[in-house]
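Peer 1: The residues making up each chain are set out below.
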Amino acid sequence: MRLLQKLNRTYILFSSLLFLVAGVLLYFFLTANIDYEAEEQLLNTERRIARQLTRGHTPTKLFPVLEVTQLAVHRPQGLTITDTTMFDQVEGEEETFRQVRSVRNINGHSYAIVLRQMVVQHSEYIMTIGCILVLVMGLLLVCLTLMNRSIHRTVWQSYYTTLEAVKNFSVHQPGPLQLQDSATQEFQEMHTALSRLTEKARLDYLALKEFSENASHEMQTPLAVLQNKLDELLQDLALIELQARHIQTAGTAVQKLSKLNQTLLLLTKIENRQFIHTETVCVTAFLCRQLDLLEDFLLEKKLQVTLEETAALKVSANPALVDVLLSNLLSNAIKHNNAHGCISIEIGKNRLLVSNSGKPLPYAPSLLFERFSKADAYSPSLGLGLAIVRTICHLYGWEVQYQVQKNRHSLEITFPETVA
Amino acid sequence: MKILLVEDEANLLSTTSSYLQKEGFVCEEAPTFSVAEEKLTLYQYDLLILDITLPDGNGLYLVPKLKKTYPDTGILIISAKNSLDDKLNGLDLGADDYLTKPFFLAELNSRINAILRRRKFSGSTSVVFNEIEVVPNAMVARVHGQELDLTKKEYDLLLYFLTNKQRVLSRENIAEHIWGDLSGSADNFDFIYTHIKNLRRKIVQAGGTDYLQTVYGVGYKFAAP
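The listed protein sequences correspond, in order, to chains A and B.
Each residue of the first sequence is one higher than the one before, counting from 1 in UniProt numbering.
Each residue of the second sequence is one higher than the one before, counting from 1 in UniProt numbering.
Excised from the complex, chain A in its bound form (with noise of 0.2 angstroms):
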């Protein structure tokens, strides 16, 4: 919900509720004050006509307001308030009268007096008060709305543009996030915060990306030495073979620790998001091209891949990151593949599905985008294949989803519809 929309929808809860109290409070004041008054004043009146009826004279009658009539029988002085209907000629309707009725002993005779008052109906009073508050109501509620918009248009300006320029805040960008200073105070303070969060992140990750470029440079130098002094070692003609397994044992790990350093580095980086060049790629020539360069691999293990393409794919992503996304799920495909197995790989719209045939996984199907997952511990594999290709995923948004049946394993990715 709206910001505007949920405070008109507060205002209206809330002066919708206060009004109801008011009209109460309103009601009840009212025609108690009404009441009083109107008894006091027929009280008073039937005290005039008293006076009236010691000094002589008689007033005239006037059906039904006022009635005097003296009394054959004497009886006891008395007054009674009572509230009755009756049949109004000048209205042409029954109406409620509040009325008097006294008996009052005035010079040796008795008189009865009436006096009646018509009373405004409760009902009227309901009607009239809710009309009044109701109209009120509706004024209060368009100029809170047109007040709110008001402020709305003016004063949260500067809140949408700080929002539109956070939102394109990138900590890839060169300079500090750039904000238009605000009038209002809290905002001007949300600024100030949110200038130091974003400059912050900004400076935190350009000491990363300068950390992981060190660390690889760091590492990778030493194991430069390694490898050529291992090499050079390598050449001794007066080497026996046992001291040349050794050697060329040592090499292989150190291939292996820089490769692993050189995967590590790469899986920061796709997670850094600092692949930024982004063009259309063709997924099919891609995949042709990793395959002619996996060549080797497939006729060693005689493996045979299909290749069926439904529709054409084309992906909006950094080329080099779907060179390394197809080229180890294809690697994953061959490694994990039985001799003279075979690979299928199905293009079509918005998916590639890579299947290979192989031994169940020893590990749970949950592990398998982990990094270092591996089928045996002792594999020349890294086990971060699938973990890159899942971090490349994660990154353009595709969904990779792994199945398996009858030892058939398949990796299938899916692209959103908006691609390229």
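Errors might be hidden in some of the hints.
[As the list claims (entries may be wrong)] The calculated lysine-lysine pairs, modelled on DSS-like cross-linking and capped at a C-alpha distance of 25 angstroms, are:
no. : chain 1 : residue 1 : chain 2 : residue 2
1   : B       : Lys120    : B       : Lys65
2   : A       : Lys302    : B       : Lys65
3   : B       : Lys197    : A       : Lys302
FYI, nobody ran anything at the bench for these hints, they're computed from the structure.
Assemble chain B onto chain A, guided by the hints.
Peer 2: Relative to the frame of chain A, chain B by itself:
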């Protein structure tokens, strides 16, 4: 052929330098940016081997300078950063090739030779070993003047062996040269054997000597028996 080797890691500098001297190059060493800059102003080299990350400056800055003064000098960049940016930057600035640490010395040698062939001899030179001749420009290999029908990989292998004669090349080394990063995709390096077997067969069938020796079961060496 005169080479300037710029590398800040002393061990790597001496190993590489002595290796290159053994290969018949005149090799001068520069451990810092300033020494490298000085030497490049004073002398002319056929090839500059440049480590980008130096304690006193980014080696990449030397590339455009050198391009201005001695445009004929070949440039091979060596970097620990396998970052695409550096690679593209270096090549854009006019470097001839890019090698990532760690590397095999044989691979370095092969890259150096490729650059020198292109720059100094416009690629017209051929690599000869007794009856075997490889013409890199035309991607042709001959035995006794008779052209061999080699696949791309067999040809690459032969040229790599010829460039690195008398040297034990481990299977990892060969795999790295031919398959690059993909060499990690294999469980073992048996597939190299297939290519070597075919290469051997083709050379022998054309009447050539089999110079390929298997060494200790760890690799191969191309040398006169």
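Peer 1: Has the given pair, B:Lys197 with A:Lys302, been kept, meaning a C-alpha gap of at most 25 angstroms?
Peer 2: OK: B:Lys197 and A:Lys302 at ~18 angstroms, within 25 angstroms.
Peer 1: CA of B:Lys120 to CA of B:Lys65, is that 25 angstroms or under?
Peer 2: Roughly 20 angstroms between the alpha carbons, so the hint for B:Lys120 and B:Lys65 holds.
Peer 1: With the threshold set at 25 angstroms, check whether the alpha-carbon distance from A:Lys302 to B:Lys65 stays at or below it.
Peer 2: violated (52 angstroms)
Comparing the model with each numbered hint stated earlier shows that hint 2 is the single one that does not hold.
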